[in-house]
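Engineer: Line order of the protein sequences matches chains A and B. Those letters in the first sequence? Residues 1 to 251, per the numbering used here, in order. Those letters in the second sequence? Residues 1 to 290, per the numbering used here, in order.
Where hints are given, some of them may not hold.
[Stated by the list, open to error] Heads up, simulated DSBU-like pairs for lysine-lysine below, C-alpha to C-alpha not over 35 Å straight-line:
| id | chain 1 | residue 1 | chain 2 | residue 2 |
| --- | --- | --- | --- | --- |
| 1 | A | 213 | A | 203 |
| 2 | A | 203 | B | 130 |
| 3 | B | 227 | B | 130 |
| 4 | A | 203 | B | 182 |
| 5 | B | 130 | A | 137 |
| 6 | B | 227 | A | 137 |
| 7 | A | 213 | B | 130 |
Quick caveat, the hints were computed from the structure, so don't treat them as lab data.
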Amino acid sequence: MTQLPPPSEVKLGLVIDLDTCVGCHACVVACKGWNTENYGAPLGDEDPYGAEPVGSFLNRVHSYEVQPEEGPAQLVHFPKSCLHCEDAPCVTVCPTGASYKRAEDGIVLVNEDACIGCGLCAWACPYGAREMDPVEKVMKKCTLCVDRIYNENLEPEDREPACVRTCPAGARHFGDLGDPTSDVSELVAARRGFDLMPEQGTKPVNKYLPPRKKDVEIDVLAPMLEPIAIDAHGFLGWIDRTLGKLPGGGA
Amino acid sequence: MHPAPSIIVFTTLSGIGFGLLIFLGLGLPALTGWLAFIAFGTAFSAAVAGLVASTFHLGHPERALLAFTQWRSSWLSREAWLACGALITMGLYGAGAVLFGVRIVPLGWVGAAFCLATIGATSMMYGQLKTVPRWRHWTTPLLFFAYGLGGGALLAGQIAAAIVLIALAGVVQVLAWYLGDKALAATGSDTGTATGLWPRGEVRAFESPHTGPNYLTREMVFVIGRKRSTQLRVISLILAILFPIAVLVIVPGHVFAALAIISHVLGVLTARWLFFAEAEHVVGLFYGAL
Chain A
1 MTQLPPPSEV
11 KLGLVIDLDT
21 CVGCHACVVA
31 CKGWNTENYG
41 APLGDEDPYG
51 AEPVGSFLNR
61 VHSYEVQPEE
71 GPAQLVHFPK
81 SCLHCEDAPC
91 VTVCPTGASY
101 KRAEDGIVLV
111 NEDACIGCGL
121 CAWACPYGAR
131 EMDPVEKVMK
141 KCTLCVDRIY
151 NENLEPEDRE
161 PACVRTCPAG
171 ARHFGDLGDP
181 TSDVSELVAA
191 RRGFDLMPEQ
201 GTKPVNKYLP
211 PRKKDVEIDV
221 LAPMLEPIAI
231 DAHGFLGWID
241 RTLGKLPGGG
251 A
Chain B
1 MHPAPSIIVF
11 TTLSGIGFGL
21 LIFLGLGLPA
31 LTGWLAFIAF
41 GTAFSAAVAG
51 LVASTFHLGH
61 PERALLAFTQ
71 WRSSWLSREA
81 WLACGALITM
91 GLYGAGAVLF
101 GVRIVPLGWV
111 GAAFCLATIG
121 ATSMMYGQLK
131 TVPRWRHWTT
141 PLLFFAYGLG
151 GGALLAGQIA
161 AAIVLIALAG
171 VVQVLAWYLG
181 DKALAATGSD
191 TGTATGLWPR
201 GEVRAFESPH
211 TGPNYLTREM
221 VFVIGRKRST
231 QLRVISLILA
241 ILFPIAVLVI
251 VPGHVFAALA
261 IISHVLGVLT
271 ARWLFFAEAE
281 HVVGLFYGAL
């Protein structure tokens, strides 16, 4: 049924820390890997080793330059995947019922067996979270690794989305954003997490944490620190002394 | 948006086909026998050819029957139902007129209403999308109605109605372009609001997440259309609106009417190409393309 369920109490989602993300794309690769081998059709690639490779991904990392009024520009790496919106426009446009939002935890999923590949849901998404698989011709999107988070065959620490599990910087957090006392909700409150394109009225569950302000000044004591390794010993010392004696060697 | 030929052909042909069926359903002209066969044949060919073209856009057309299930929420599903309703009622009405020389007048009215609703549902597939500010506007359904009815009147040989409706289509089209050009800016969305980074300074897309194109950039960040837009707008207005009206006013008659029809269809195809090619999807903001 592509009518939206009433807002669920549990709202599973991601919190992405734009201050911490280093733009390594490990989450992109982990996502592609897990979701090629597990839930639904594999994430296909067209012409993967040719001149114009095109593939479907559920997670992409943009990079933006933010130029403040004063001072140097800041580079912000910006991972983007499905935000599992509460008012998901991709769900209601689906003519077949393939696109749906789970009543129990709010995850937005695609039943690929019912997808006719019309692409209307991708058009309805403001965030570019849905991509048509170039091989299977069905719509692919982030499943929040629904086949990991409830999977009792995995170790407890692995029961989180692949992108979160793999992030080497700890820039991605997974949890219940419907529970105001959860770690992710407290993190969002403490760091003033925000929504992407709130003017679209989609009420995204995923939140983004803003980059922190950069240090403006370098420590005043820094120039007074002793330089290390000022005199060379051994072989390098012999070269240093010898070159010093030759013409143009200085002192 | 990517101007896919299947969708341009679908919306243009089915619009004109259902437009013609509206006039036939209303008894304008009230045809029976062979003339009805030709008229209904033309209308059904256009409408069905358009609907068939639309299935070429699908990744899995074999599952198309599932598209009838979500009429409560989905305009595409409603369009499927309404189009079937229109084709069935007008098929029965046409069969009566062609085979038995009987026009079941109320059935024709019901059929005409179905056809009008189908055109409306087609337009709302685009008009509903908040992600494409140019489309989410009252001019979108009006434009589809005006083109469908204008083309239908032209094919039905309703000269006075055709002149008025095609002129109306021209006015709505110019209005849609004028207002549509400001629609994206009016939303206030930019790369800053898309990323939420606007409070920190001016936001510029620095590096794309992928080196080549992807589904999103091919489907929704189509920018070629904007380069020649003024020329194509003028061409489509001349072909779809001005030339057919001039023909109808100056030299009404079957031979020239055929020219007017061909010109009108080519013009609507051009306008429909622009409808897609010029439409800006807000996902382009993430790519710094708007």
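Engineer: Under the constraints set out in the numbered hints, which ones does this structure not fulfil?
Structural biologist: Violated hints: none at all, because every hint is consistent with the structure.
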